[in-house]
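Here the protein sequences line up with chains A and B, keeping their order. For what it's worth, the UniProt record's numbering labels the leading residue of the first sequence as 1, then goes sequentially. For what it's worth, the UniProt record's numbering labels the leading residue of the second sequence as 1, then goes sequentially.
Keep in mind the hints are simulated off the structure, nothing from the lab. Think of the CB as a built atom: it goes at the ideal place given N, C-alpha and C, for glycine as much as any other residue. Do not take every clue at face value.
Restraint ranges, calculated between C-beta atoms of paired labels, are given here [as the list claims (entries may be wrong)]: (1) A:I159 with B:L77: 50 to 58 Å; (2) B:E72 with A:F327: 44 to 52 Å; (3) A:R124 with B:D75: 25 to 33 Å; (4) A:L228 with B:S2: 29 to 37 Å; (5) A:S272 with B:S275: 37 to 45 Å.
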Amino acid sequence: MLRVIVRRLLQLVVTLIALSALIFIWLRNLPGGPVEALLGERATPERRALLTKALGYDQPILVQYGKFMQRVVTGDFGNSIRTGDPVTEVISRAFPATIELALAAMIIAVGLGVPLGYLAARWRGRSLDNLTIAGTLLGISIPIFFLGYLLKDVFTQNIHWFPPSGRLTTGLDNTNVTGFFVLDGLLTREFDASADALWHLILPAITLATIPLAVIVRITRASVLDVLNEDYVRTAEAKGLRHRTIRGRHILRNALLPVVTTIGLQTGALLSGAVLTEKVYNWGGIGTLITDSISGGRDYPVLQAIILLAALVFVVVNLLVDLSYAFIDPRVRVR
Amino acid sequence: MSLLDVRDLSVVFQRRGERPFTAVDKVSFTVEPGQTVGLVGESGCGKSVTSLAIMGLLPKRGNKVTGEVLFEGTDLLKLRPDDMRDRRGREISMIFQDPLSSLNPVIPIGIQVAEVLERHQGRDRKQALRESRELLDAVGIPDPQRRLTEYPHQISGGMRQRALIAIALACKPRLLIADEPTTALDVTIQAQILTLLKQLVDETGTALVMITHDLGVVAGLCDTVNVLYGGKVVERERRHELFAHARHPYTHGLLNSVPRLDSPRGERLHAIRGSVADNIPWVEGCAFAPRCDNVVDACLEGPPPLEPTATGGDLRCNNPVSEEVAVR
Numbered sequence: 001m002l003r004v005i006v007r008r009l010l011q012l013v014v015t016l017i018a019l020s021a022l023i024f025i026w027l028r029n030l031p032g033g034p035v036e037a038l039l040g041e042r043a044t045p046e047r048r049a050l051l052t053k054a055l056g057y058d059q060p061i062l063v064q065y066g067k068f069m070q071r072v073v074t075g076d077f078g079n080s081i082r083t084g085d086p087v088t089e090v091i092s093r094a095f096p097a098t099i100e101l102a103l104a105a106m107i108i109a110v111g112l113g114v115p116l117g118y119l120a121a122r123w124r125g126r127s128l129d130n131l132t133i134a135g136t137l138l139g140i141s142i143p144i145f146f147l148g149y150l151l152k153d154v155f156t157q158n159i160h161w162f163p164p165s166g167r168l169t170t171g172l173d174n175t176n177v178t179g180f181f182v183l184d185g186l187l188t189r190e191f192d193a194s195a196d197a198l199w200h201l202i203l204p205a206i207t208l209a210t211i212p213l214a215v216i217v218r219i220t221r222a223s224v225l226d227v228l229n230e231d232y233v234r235t236a237e238a239k240g241l242r243h244r245t246i247r248g249r250h251i252l253r254n255a256l257l258p259v260v261t262t263i264g265l266q267t268g269a270l271l272s273g274a275v276l277t278e279k280v281y282n283w284g285g286i287g288t289l290i291t292d293s294i295s296g297g298r299d300y301p302v303l304q305a306i307i308l309l310a311a312l313v314f315v316v317v318n319l320l321v322d323l324s325y326a327f328i329d330p331r332v333r334v335r
Numbered sequence: 001m002s003l004l005d006v007r008d009l010s011v012v013f014q015r016r017g018e019r020p021f022t023a024v025d026k027v028s029f030t031v032e033p034g035q036t037v038g039l040v041g042e043s044g045c046g047k048s049v050t051s052l053a054i055m056g057l058l059p060k061r062g063n064k065v066t067g068e069v070l071f072e073g074t075d076l077l078k079l080r081p082d083d084m085r086d087r088r089g090r091e092i093s094m095i096f097q098d099p100l101s102s103l104n105p106v107i108p109i110g111i112q113v114a115e116v117l118e119r120h121q122g123r124d125r126k127q128a129l130r131e132s133r134e135l136l137d138a139v140g141i142p143d144p145q146r147r148l149t150e151y152p153h154q155i156s157g158g159m160r161q162r163a164l165i166a167i168a169l170a171c172k173p174r175l176l177i178a179d180e181p182t183t184a185l186d187v188t189i190q191a192q193i194l195t196l197l198k199q200l201v202d203e204t205g206t207a208l209v210m211i212t213h214d215l216g217v218v219a220g221l222c223d224t225v226n227v228l229y230g231g232k233v234v235e236r237e238r239r240h241e242l243f244a245h246a247r248h249p250y251t252h253g254l255l256n257s258v259p260r261l262d263s264p265r266g267e268r269l270h271a272i273r274g275s276v277a278d279n280i281p282w283v284e285g286c287a288f289a290p291r292c293d294n295v296v297d298a299c300l301e302g303p304p305p306l307e308p309t310a311t312g313g314d315l316r317c318n319n320p321v322s323e324e325v326a327v328r
């Protein structure tokens, strides 16, 4: 087991190094850039050359990359070109917001998706099943930004159930402990802040949850249908076991294996979905930071760090998924 | 009163947009306490469906079960699903063909045995596991303490079937239905499992319904044999009578097609011609008629009735094999 973890972590390092090189080259080949953004279109060539030199962008790309990597290994990602703040600081401010949003979305997707998928399979061909299938098709097809603006319009403009944007009502102060506002409120006993944060969280979380929810419902349904045909479920029935024992111990435990894999793969969908969702609801997370850093003049240092972070999150989550497999399925353990 | 009295049991599969298919057609047979009864026939003759119908394990939709399954006088088909659930595994148990797929791959063997005791005998986990170890020991699994925490893929095929037998007999049921319990096992293991089953039913007084296509299994185990063809019982005899004087051409053909060590060299193995696909529906005549060597005109005029024979059995045939031919 330990050897597997070590091997996977080494793979992770290689992946990240390769990815960092790709991003580095790719970003610098995009049209536009920080110099244009900082100086504007009408700057003289001399001033441009001066700033390009000051930022070090006149050097060969490999040299730039080497310097970048040199600093990265010491944990220094440089400063944001846009604001001048250290990149690590900028990101650590935004990161918890995105994690909070993504976790809430995943809780909705799994908490709703697994039972729905199970019920659809159990009542295969009935109206609940048909309704679920139609619903998931819609959920997968509908673009996030469209759904986001639709929900926002209906639930904040027409019926005022939820706040339209942000993470907290303006004027309400909370103590920042972890950066997860709902959790912070609970930890510091500022329950009004916690409730307010949760209230702000619901619509964006639902928006972000749609695609993973639809995928999880489908995978769960298909997987439960497979397991229902297994001989060991018939054996469990022949033993006269209670429904809930058969459901929990014999059906779901086996059926959830593919679902766990899906959860890992959906992390990618969540990260990309977060960019759109955060834009729609003005959620101050990584997604907003990405869009701002691109439109605000190609903030190379920030963008590089974010993309690496996203890749790191994706790979680590999938590593955890693989490891959790060993705990769920004893057949994996022996290998 | 018989322990199990199956009367006119029929199972019709009916899927939307398809013609109904009668898998089991008015099958009747009885099992006395402690007796071993065989249900014999080739694939598709309805033997497994019969057993699933008795257990109440057929899918909820897509089939219609009629007739009566009297277990100690109670019609199991009329029980509420929860009452049937209380009896399954406690009064009637079943073991299946493929021991690997019949055990849950992600649950330790010990729990899979113990959960029956927890469900039906009200044991707590600790007590149930202790009894499970004794059960595994009783079915001849070596080092039972270690097996409790092992998973099905870690033990051999023979041991898996032994574990399933331990599960089935955990609550000392009065009836055990074994659906081809040795088919998926090596020949050497088959004999061990059959010996074990015989020993256990003798010790506990459990009645056994043995479902098989293997006449060798029948010969070693069953008191009475029901031969099924096309969903109907075509011949019922006590074991010795059947092997000495099989009268139905189908049974006769089955017995003749068993290879024998003492047959003359170079003699071709006897086979029943055609396959189940050649069957005609029972309403039009005898389902076996297209494959039968003894076919007469009456066979195509309607289903022959099941009639008692001089030897105390039952036979459904217009032109049975004469005894001289049957003795080999």
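Okay, the hints, checked on the actual structure:
{"no.": "1", "hint": "A:I159 with B:L77: 50 to 58 Å", "result": "holds, 54 Å"}
{"no.": "2", "hint": "B:E72 with A:F327: 44 to 52 Å", "result": "holds, 45 Å"}
{"no.": "3", "hint": "A:R124 with B:D75: 25 to 33 Å", "result": "holds, 30 Å"}
{"no.": "4", "hint": "A:L228 with B:S2: 29 to 37 Å", "result": "holds, 34 Å"}
{"no.": "5", "hint": "A:S272 with B:S275: 37 to 45 Å", "result": "violated, 57 Å"}
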